[in-house]
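**Student:** What follows is each chain in one-letter form.
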Amino acid sequence: MTDAAAATVPAPPKRFMFWRRFARNRSALVGLAFLFLVILLAAIAPVIYPADPFALVGRPMLPPLSGDFLFGTDTLGRDVAAGIAHGARTSLFIGVVATLVAVAFGTLMGGLAGYYGGWIDDLLMRVTEVFQTIPSFIFAILLVAIMTPSMESVVIAIAVVSWPPLARLVRAEFISLRNREFVQAQVLMGMPDWKVILIQILPNAISPIIVAGSLLIATAILTESALAFLGLGDPNIMSWGFQVGAGRTVLRRAWWICTYPGVAILLTVLAINLVGEGLNDALNPRLRERS
Amino acid sequence: MENPVLDVRGLSIALPKGADRTFAVEGLDLQVFPGKITCVVGESGSGKSLTARAAMGLLPPKVAPTSGQIMFEGRDLLTLKPDEMRQMRGQKISMIFQEPMTALNPLMTVGKQIDEILTVHTSLGGKARREKILALFDEVKLPNPKRIAAAYPHELSGGQRQRAMIAMALILDPKILVADEPTTALDVTTQAQILKLIAELQEKHKTGVLFITHDFGVVAEIADQIAVMQYGKLVEVGTADQILNAPKAEYTKALIGAVPSLTPRAARSGFGRRMLTVDGLNKYYKSGGGLFGKPTAFHAAKDVSFTLDRGETLGVVGESGSGKTTVARCLVRLLQPEEGKIDLDGIDLAGMTKRELKPYRNRVQMVFQDPYASLNPRRKVADILVEGPINLGKPAKEAHARARELLSLVGLDPKVAERYPHEFSGGQRQRIGLARALALEPEVLVADEPVSALDVSVQAQVLKLMDEIREKFGLSVVFITHDLRVAAQVCDKIIVMQRGVVVEAGKTADVFAAPSHDYTRELFASIPGREWSSAPEVTA
Chain A
1 MTDAAAATVP APPKRFMFWR RFARNRSALV GLAFLFLVIL LAAIAPVIYP
51 ADPFALVGRP MLPPLSGDFL FGTDTLGRDV AAGIAHGART SLFIGVVATL
101 VAVAFGTLMG GLAGYYGGWI DDLLMRVTEV FQTIPSFIFA ILLVAIMTPS
151 MESVVIAIAV VSWPPLARLV RAEFISLRNR EFVQAQVLMG MPDWKVILIQ
201 ILPNAISPII VAGSLLIATA ILTESALAFL GLGDPNIMSW GFQVGAGRTV
251 LRRAWWICTY PGVAILLTVL AINLVGEGLN DALNPRLRER S
Chain B
1 MENPVLDVRG LSIALPKGAD RTFAVEGLDL QVFPGKITCV VGESGSGKSL
51 TARAAMGLLP PKVAPTSGQI MFEGRDLLTL KPDEMRQMRG QKISMIFQEP
101 MTALNPLMTV GKQIDEILTV HTSLGGKARR EKILALFDEV KLPNPKRIAA
151 AYPHELSGGQ RQRAMIAMAL ILDPKILVAD EPTTALDVTT QAQILKLIAE
201 LQEKHKTGVL FITHDFGVVA EIADQIAVMQ YGKLVEVGTA DQILNAPKAE
251 YTKALIGAVP SLTPRAARSG FGRRMLTVDG LNKYYKSGGG LFGKPTAFHA
301 AKDVSFTLDR GETLGVVGES GSGKTTVARC LVRLLQPEEG KIDLDGIDLA
351 GMTKRELKPY RNRVQMVFQD PYASLNPRRK VADILVEGPI NLGKPAKEAH
401 ARARELLSLV GLDPKVAERY PHEFSGGQRQ RIGLARALAL EPEVLVADEP
451 VSALDVSVQA QVLKLMDEIR EKFGLSVVFI THDLRVAAQV CDKIIVMQRG
501 VVVEAGKTAD VFAAPSHDYT RELFASIPGR EWSSAPEVTA
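Line order of the protein sequences matches chains A and B. According to our numbering, the first sequence is numbered sequentially starting from 1. According to our numbering, the second sequence is numbered sequentially starting from 1.
Only chain A is shown next, with the shape it has when bound in the complex (with noise of 0.2 Å):
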């Protein structure tokens, strides 16, 4: 046993290991191929539709592929080609910035919760459980209502109801951390609490974080859609939700003004959906392994 000698193995680089093991996953790049289109989709809106989606540009309700139209025109004459690219920017920002907030204020929730334990956590722990006692999207629906309905209130109602479960997943992966023994050598070696936190701890939760925040995104764009459904949208901002609840009086007489926009949601929602679980495989690559 040549114990002393050093390791001489090189590792393959720890990037170049991560992006084969998530293209191990078909489904996962499929989903990631689709995400990048609507992300385009997004980006390129106002360069292809540079008109304001609301205007009212052809006359109503006429079926896709006339004239100009795609998708064809809504029940006032928009055209709803336009507002499914307007409505990805909506959507996309909205879920992702709706999450950011979430995962943040879950991952401190839950951090100092597992982190110190005791009283703190008992306290931390009930108010996340009040927050999980109301049904999300009913509160969503609330606060949106109270706050009056603007991109802001939609954002910050979507993040209220979103950050427990993540609260509960962080707390969990750190109250198994902080007993390790690299995380123990380091308290007593002095290191302060913030910094055992976030150098310490947080970097080997992060796997399981990352893979929630990128399902939440996907449940983020949905409670969007459903309030915006309601009416309790952004109404000066163009989203699938709107169209879909604008769509649906007629459903019968113009079924593609609700179905386009309601497959954009569909797709993209599994195309996130599809995305997390490629993250997941490739994060933790052990529970792949075992299934």
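By construction, these hints were calculated from the structure, which means they are not laboratory data. Small disclaimer: the values here were computed from a predicted structure and weren't measured. Some hints here could point you the wrong way.
For lysine-lysine, the following BS3-like pairs were computed, each having C-alpha atoms within a straight-line distance of at most 25 Å [said to hold, decoys possible]:
{"hint": "1", "chain 1": "A", "residue 1": "LYS195", "chain 2": "B", "residue 2": "LYS380"}
{"hint": "2", "chain 1": "B", "residue 1": "LYS358", "chain 2": "A", "residue 2": "LYS195"}
{"hint": "3", "chain 1": "B", "residue 1": "LYS204", "chain 2": "B", "residue 2": "LYS132"}
{"hint": "4", "chain 1": "B", "residue 1": "LYS112", "chain 2": "B", "residue 2": "LYS141"}
{"hint": "5", "chain 1": "B", "residue 1": "LYS507", "chain 2": "B", "residue 2": "LYS493"}
{"hint": "6", "chain 1": "A", "residue 1": "LYS195", "chain 2": "B", "residue 2": "LYS394"}
{"hint": "7", "chain 1": "B", "residue 1": "LYS397", "chain 2": "A", "residue 2": "LYS195"}
{"hint": "8", "chain 1": "B", "residue 1": "LYS92", "chain 2": "B", "residue 2": "LYS204"}
{"hint": "9", "chain 1": "B", "residue 1": "LYS248", "chain 2": "B", "residue 2": "LYS233"}
{"hint": "10", "chain 1": "B", "residue 1": "LYS233", "chain 2": "B", "residue 2": "LYS146"}
{"hint": "11", "chain 1": "A", "residue 1": "LYS195", "chain 2": "B", "residue 2": "LYS354"}
{"hint": "12", "chain 1": "B", "residue 1": "LYS146", "chain 2": "B", "residue 2": "LYS112"}
Assemble chain B onto chain A, guided by the hints.
**Tutor:** Chain B in isolation, oriented as in the chain A frame:
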């Protein structure tokens, strides 16, 4: 000699692509004789466990035998169909595992689990099955067999669970029993009982036993035949007497030489001034209770007292649950003791708050047990080594230079500072852990089972290193261990703990020569292979 009951001929087992070597086992020849115990000894990665699993037809996926035969009753086990092999398992060949808790189904009573085997393999009626089970429980010396049969695995102690596992393995009177490290997870006193039980039972039932272990003490205790393996190849095979007392292969000699002797090392004297005085230390663990209930308290350390001089090594010896780790964690103040004094060179650390403690933190440092859990997998070795000193105000440049010095001091190439912990072996990681503790220039080093997770040859190297370092820096060491062999070689004085109480304390040589407390005597009597070790030194 009789015909072997199990005959392994030229067995090779391939590992999946990308593993550190092509074959886990290569060209292995091995025989197990009826009524005899064949021990396969080797360090981790020697292929001993895969050999056992191949005989059971339980190789992990992607690992497959490529050549050779395992002959049993005139048939090659490797060519049997899965359902034929299933018939063999349990009935003709059975196995006991290292960790009985994970090998038993936690949701089923022990009796029911054994009953299931009888239902599958025999046509006995319910009453006959029950009688057979109770008789066997009696035979494996389980107290009150009826109660045990109705108990769930978690309601039994570790030793009882392993007895139940043995009963389960022997219920169909198999020709071969494969035991994969069956006593490694057990305390030394329980281990002694289980080893005795296995030896008795196999003698009585004429079972051939294939016993996998890494521990030469255990081998000396029970083996009839010994096969030594290294890197998947057979190094040496022979009778117990040949291998233990006149080994031929260099590797065997080195392995046996690395087993710490039970003769305490020469007493040292001339220690420096008093560094640490622990007086009347008490620690309770409170658990349960919830919001309104009353928590229950568990007294983990009762009135523990000892002293330690500069340059001296104190061994804290005990089995699991003895409170030795609690004492260690109180010393480094990861735990706050409820009562007592921890006097470090005139300063009482016991009652200090986190803030008050900060200036003294570096003076008592710890080396942890598990080399895989004690280093942050996401930090480079350099970062691991400099974080502590930088926190205490050392300039970063100086800390990095010191980190490199420390790496060469613990026998590693300073260049490894840029690597991550997963690139190192267990022994190397333990060296890094030691360097981390030394980086803070402590006066007292608390080592919690620092070598118990390491292979015996690596263990010897790490112990030697710790000794050199203690000498060089004049460190006082508190050495927590369950292994009396290690304690004999490392410690100047020892305290023996049982259920939170210090039952015996004294100079190592005195305690080893004449243990005064019953429990200490029992501990000594339980050390596997003590007769072999106390024989005059073999070629080391």
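**Student:** What hints, given by number in increasing order, does this structure fail?
**Tutor:** Violated hint (a single one): 10; every other hint is consistent with the structure.
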